[in-house]
Amino acid sequence: MNILVCISSVPDTTAKITFKDDNTTFNKDGVTHIIGPYDDYALARAIELKEELGGTVTVLNVGTAETEPQIRKALAIGADEAIRVDAEPTDSFFVAEQIAAVAKENSYDLIMMGRETTDYNSGVVHGIVGQLLGMPSLSPVMELNIDGNTAKISREIEGGKEKLEATLPLILGCQEPIAEWKIASMRGIMTARKKPLNVRPAVGEGLTSVSSYSLPPEKGDCKMIPAEEAEKLIDLLQNEAKVL
Amino acid sequence: MTLFSRKHIDFLLHEVSDLPELLKEEYFSGHDRETADMVLDTAFEIAQKEIEPHFVDSDQKEANYENGEVKVHPGVHGFVKSQAESGLLSATFPEEVGGSQLPESVAGAAAFIELCHSNSFPMYTDLLSGCVKLINSFGTTEQKETYISKMLTANWMGTMCLTEPQAGSSLAEINTKATPQNDGTYKIDGQKIFISAGDHDITENIIHLVLARIDGAPAGAKGISLFIVPKNNPKNCSESNDVKTIGLFHKMGQKATPAVHLAFGAEGKCTGYLLGKPNQGLPQMFKMMNSSRLGVGLTGLALSSAAYYTSNQYAHERKQGRIPGGNENVLIAEHPDVKRMLLKQKAIHEGGLALFIQVYSYLDWQKAGKEIEKYAALTELLTPVCKFYGSDQGYHSVNEGLQVLGGYGYTSDFPLEQMARDVRILSIYEGTNGIQAQAVLGRQVQVNGGAPFQLLRAEIEKTLSHLNDSCLFKRDFETSFKKLQQVTSTLLSKQNPTELLADATLYTEFLSLICVGWQWLKMSLATEQMDTEFNESFKQTIGYFFRYEFTKCLYLSEILLKENKITV
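These protein sequence lines are chains Z and C, in that order.
Sequential numbering from 1 applies to the first sequence in UniProt numbering.
Sequential numbering from 1 applies to the second sequence in UniProt numbering.
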């Protein structure tokens, strides 16, 4: 079972987001980056499958050298090798194009990633990769088991869950509770230094550029109304918030 | 909620401390900055996953003692398992016993992160690690083979058993007996109290390190030996070794860690194994005690950090009172008195942590085989100072945090109430702060003709030599530092030991302010690489420290230089 896990490097979910250069650039100063939380689920399940069925797990990241700490961490958690496509991940299509280019040169049974990143949340990369490779792409996958050449999958759909089976190879966008996040052990951390991390140039060019960013409007003050004063709440909703 | 500043920890490790140089040493060649960063990530992930969710629940459901058995909160089981599986438990041990030779500076920072999320859980593994250190240092080959791998994988846990009902701070008065047997083992008979994590249902065996007196041994401290006393037979854990819990103490805080009363040999069937040489128990045990003392001080700083981030958030959400001349209520964080309280908390753990990492680096240099005697002397001198400062100031910080929350802080709806109960023990156990102060002034400052103190002076002067004379705080520091040297010689000239030690606590407070002040100056030399936000905050905190805290040196020196006719 050879698995490619695509990981993104995203700001820590508690990071304070600011912009610079006339709001055209995300200000990375003082911001800690982490592996995308949904990608982390995909990585954890991929490592479990490798332990269960044998094979290798390769992690792929599209990013500059700044993302190497997150790649090393994926290696410390249990991936065998890593590939970094040396480029800014400018848009979903560009990232998908890089993944597809790597996948075409290798033979992976599964290409796994998070259902979406937590920075831009487009949630379309797995679909585009599927289109580029001519493979089925399923998301958001909550449960995954492999039986021979068949993947048994449970995924979230509007109002419930769907169970389905599909033949490998597949592309999967994953989310909890597919596996529990894994914690890097001392042994993993130390061996990660010796695992291969290959850097390769990007194919193609980004199709988009950012004109400007803006933050959502700040939340208004929160007014606490005692439970026994429901009439006051209705009055505020009607006359102040004007939502009733 | 964030309970610590990773940026400050990274700053201390990578910009201020000796870690970059230490990582060039052969002993630490398995590590680099990236591994150090990942270890801290792992500690945070364990804290988030295995500690934080149980912080309140493990306080409300304290360990339970029924039918002679102690059951602890289920969260502790998960934490111990994670700590062992991740390898953090064995991280600082040599590779030959299954460790990773991680620098103590990094391990200390990782421990700080975990302790910010609960000070009770890591106590189990700290005690376990301390036991293994002793067995590894003084044990026979057979003892090492029997215990170390089982303990470093947390299949067996460990404790230290010192206090007896009649002998608390006066360990020389312990009377647990060890009677030699024909097979080279000893029969142990006695009782020990306040044994933290002394019994639980986490592992199949608990290895107690027990201070006892061999029949016919000299009286006092010179006749105390150290024994390995397993709860169950190490060759067959289903067979009891006659170690029984006869009571559980109901404490005001740290409720996830039981403190038990143990009876050894109530049925005359308790076997102990001598660890190290006869009558060397106390100096051997101090090897573990010193590491535990650092752990206790660090816990105080971690509680300070957790309290600060909690009260800081509250102060930025709660609107009360107007600024003079203003028309509307403002966030309480805008009131100068609240700002002062928040800065006090921040200054305590940020400055204190720098001092701890300094001491951890002294331990690391010893492991690297560099100037071992020098760094050992500095460690010995600063360990009681660290225990004293961390626990004492941690208490004050949590108290300020609770004050920021006002009436809400006094309720169990907010974590400050629990923190205030948890922090109180720190200045009491592992040697009260009074005992630490006596160790500083009665021994460490005087030993070898005052050599450790001179080494510290040289370290401080090295930092001062790098500071530009325009540094705002350099002159204030130099004035108080000279006063400390004057106070030290005045006190050491006293012939009457009671007079010398009467105000040892004030002396240690003075010395600790000098040491932390030194660290603030050292930090000020390393801020260039940091971003604007960090530097703004740093300027405010160092300014607070030298205006409000460091100036206490003046009144302390005044008291210490006057003849004491009140308590002597």
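Simulated from the structure, these hints should not be mistaken for laboratory data.
Heads up, a few of these hints could be off.
[As the list claims (entries may be wrong)] Mimicking EDC-like on lysine to aspartate or glutamate, the simulated pairs with C-alpha atoms at most 20 Å apart in a straight line are:
(1) Z:Lys223 - C:Glu328
(2) Z:Lys195 - C:Asp531
(3) C:Lys319 - Z:Glu52
(4) C:Lys7 - Z:Glu66
(5) Z:Lys16 - C:Glu328
(6) Z:Lys16 - C:Glu533
(7) Z:Lys182 - C:Asp18
(8) C:Lys7 - Z:Asp235
(9) Z:Lys223 - C:Glu52
(10) Z:Lys20 - C:Glu15
[Said to hold, decoys possible] Computed spacing ranges between beta-carbons, pair by pair:
(11) C:Glu85 - Z:Thr13: 39 to 45 Å
(12) Z:Ala15 - C:Thr551: 47 to 53 Å
(13) Z:Glu156 - C:Gly407: 30 to 36 Å
(14) C:Gly407 - Z:Thr13: 31 to 37 Å
(15) C:Glu66 - Z:Glu81: 48 to 54 Å
(16) C:Gly220 - Z:Thr13: 54 to 60 Å
[Said to hold, decoys possible] Partial selection, computed: residues in chain Z whose CB lies under 10 Å from chain C:
(17) Asp29
(18) Gly30
(19) Pro69
(20) Ala76
(21) Asp80
(22) Lys104
(23) Arg187
(24) Ala192
(25) Lys195
(26) Val199
Just so it is clear, CB atoms sit at the ideal spot from N, CA and C, and this is done for glycine as well.
*Answer holds if the nearest beta-carbon of chain C is closer than 10 Å to that of Pro69 of chain Z; otherwise answer violated.*
Cβ of Pro69 of chain Z sits 6 Å from chain C, so the hint holds.
*Given pair status - Asp531 of chain C, Lys195 of chain Z, alpha carbons within 20 Å*: The given pair, whose Cα atoms are some 33 Å apart, is violated under the 20 Å limit.
_Satisfaction of the Val199 of chain Z interface hint, Cβ to chain C closer than 10 Å_ = 16 Å, violated
_Given a cut of 10 Å on the nearest C-beta pair, is the interface hint for Asp29 of chain Z held or broken against chain C?_
Result: holds, 5 Å to nearest chain C Cβ.
_Does the closest beta carbon of chain C sit nearer than 10 Å to the beta carbon of Asp80 of chain Z?_
Given a least distance of 17 Å, the restraint on Asp80 of chain Z is violated.
*Would you check the hint for Lys16 of chain Z and Glu328 of chain C, treating anything up to 20 Å between C-alpha atoms as holding?*
27 Å, violated
_Run the distance test for Lys20 of chain Z versus Glu15 of chain C: straight-line Cα separation, threshold 20 Å._
26 Å, violated
*asked:* Looking only at beta-carbon atoms, does the pair Ala15 of chain Z, Thr551 of chain C fall within the given range of 47 to 53 Å?
replied: Check failed, 37 Å falls outside 47 to 53 Å.
_Within 54 to 60 Å: is that where the Cβ-Cβ distance between Gly220 of chain C and Thr13 of chain Z falls?_
59 Å, holds
*Given Arg187 of chain Z was flagged as interface, is its beta-carbon under 10 Å from a beta-carbon of chain C?*
Holds, because the Cβ-Cβ distance from Arg187 of chain Z to chain C comes to roughly 6 Å (cut-off 10 Å).
*Hey, Lys319 of chain C versus Glu52 of chain Z, does the alpha-carbon distance stay inside 20 Å?*
56 Å, violated
*Holds or violated: is the Cβ of Ala76 of chain Z closer than 10 Å to a Cβ in chain C?*
6 Å, holds
Hint check: violations occur at hints 2, 3, 5, 7, 8, 9, 10, 11, 12, 13, 21, 22, 25 and 26; the rest are consistent with the structure.
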